[in-house]
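Heads up: the protein sequence lines correspond to chains A and B, in order.
With our numbering applied, the first sequence covers 7 to 274.
With our numbering applied, the second sequence covers -12 to 233.
Calculated directly from the structure, the hints in this document are not laboratory data.
One or more of the hints may lead you astray.
Per the computed footprint, the stretches of chain A lying under chain B, defined by three or more beta-carbons under 8 Å from a beta-carbon of chain B, are [said to hold, decoys possible]: (1) 51 to 58; (2) 114 to 120; (3) 201 to 207.
Have a look at the derived ranges for each label pair, beta carbon to beta carbon [unchecked claim]: (4) B:L159 to A:R146: 47 to 53 Å; (5) B:A65 to A:T241: 56 to 62 Å; (6) B:L159 to A:L215: 42 to 48 Å; (7) A:Q112 to B:A43: 34 to 40 Å; (8) B:S149 to A:A140: 53 to 59 Å; (9) A:A217 to B:A65: 43 to 49 Å.
Note that CB positions come from ideal geometry on N, CA and C, so glycine has one too.
If you want the building blocks of each chain, they are given just below.
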Amino acid sequence: MTSGKIYRHSIAARTTHWLWTIAMLVLVMSGLQIFNAAPYLDASDKSDPARRVLAFDAQEGDKPAGYTIVFGHRFTTTHLFGYTDDGAGAETPRAFPGWLTLPGPQSLADGRRWHLFFAWALFIAWVAYLISAAVRGTLRELVIRPSDFPKLLPMQMYYFRLRKEPPPHGTYNPLQKLAYTVVLFGMFPLLMITGLTLSPAVDAAFPWLTALFGGRQFARTWHFTLMVLLIGYFTTHLALVVTTGIWNNMRSMITGWYVLGKHDGVGP
Amino acid sequence: MKRRLFIASSLASLGLAGCGRVKESLTNGPFRGALVSTEKLNDKVIGTHGLAREYAEADIDRNFRVNGLDTPSDGAYAALAKDGFRGYQLVVDGLVDRPQKLSLGELRAAGVKPQITRHDCVEGWSAIGKWNGVQLGTVLAMAQPKSNARYCVFHCFDRDQSGQLYYESLDLGQAAHPQTILALDLNDKPLDNDHGAPVRLKIPTQLGYKSAKWVSRIELVADLKPINGGTGGYWEDQGYEWYAGI
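The whole structure should be built from the sequences, with the hints applied where relevant.
Below, the structure is given as structure tokens:
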């Protein structure tokens, strides 16, 4: 392993990275606020209890309980989902807790405004990153290619410590490339498009787009599912940031400088 | 490591102390302005284009969900309802050359057309209904809006617990959309009281709260600011967007 410092992330990459980190966090939390107003998801165009994918329910009384219902299977999730924190020190029937929703425990109007503002922020950060990464050539190093596919399993084996060395690769390892490609070119655009198809005016202007996702309520279901998947990615990302040298990783995403060492090419 | 802990804990306490001030600046400061600009941007980018999808009879929700303020049950509305709305007259006035008072018969005679469209509530749910009514554009044309008229304001019979009457507004472009109608029937029957009898607005290209129920008067104006909270509608005055296409 070589030692020394490298300038790893351009100012554009760092700025857009933190911009969409904030945007994503606010989008998830204000999105849950909006979701709370109709706490169910249907795999249909109009609302249809017969095609319900996810729902939350509460039982009030002496022994209050909260329930999360997934494909008809009921799970008790009291205190967390269904019957949970109202943001004012008590508990109440509501899907997601008050501490998880923005901008406050209950404000559909402001939740929507925040959500739409940060949706624009995410869109702008995404476009700005893609342009700067394309110009600098980072995109070429980052996007997965067919030649990376055979290296995916060996790389995963390396992560599981079933292999001593990672397979030979460029700046980013094949699993990183897969994750970044899926997030940048799959999840981000799909989140934006499914979000837009929830809008009656967008539906009127591009009816085929809404039909593509199975209708408005189905698009709402996809939008939510993509959010859950993105949180899955975010959790993995965070775990790798921590385990592959949190201070080095954080420094490189703040100042740009990364100290070479044992984790090169393994990172988040 | 100690230094880092110190920095982290100072940042955390700063965050807590700043919370009140941050919240204040988020509610009234420049961020509020940014939120309002976002709405204008959405209106510019998305606007009102194309036609809302029209559905088949089989898609109709026969038990169409009731939402909104309570059904009015007193005063002028109760008197009209008792008489089967025979005495109802829709007032169209304000910045118009020919103010109108239109009975239900006259509205029907202006030409009604059914549409089976989806109603998208701001809460997130959707329902499909068959709405039969007269195009708003037709009714406005009868009143001949003056050249300085920019919005039509819908004054309604329903009021909230504090006594505030419901109202809504559209600009004349949104009003002229062929699917923006004054609905008289829902699912082949005259509107019942809970669904906005005898006349409600139906605009399928925007969210449900724009489709004002129990409309009593349409006022043409140049500016929305002098009316009530000044933002163009009952829910708008409580922070919801005036442009509800998204």
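Run the structure past the numbered hints and jot down the numbers of the failing ones, going up.
6
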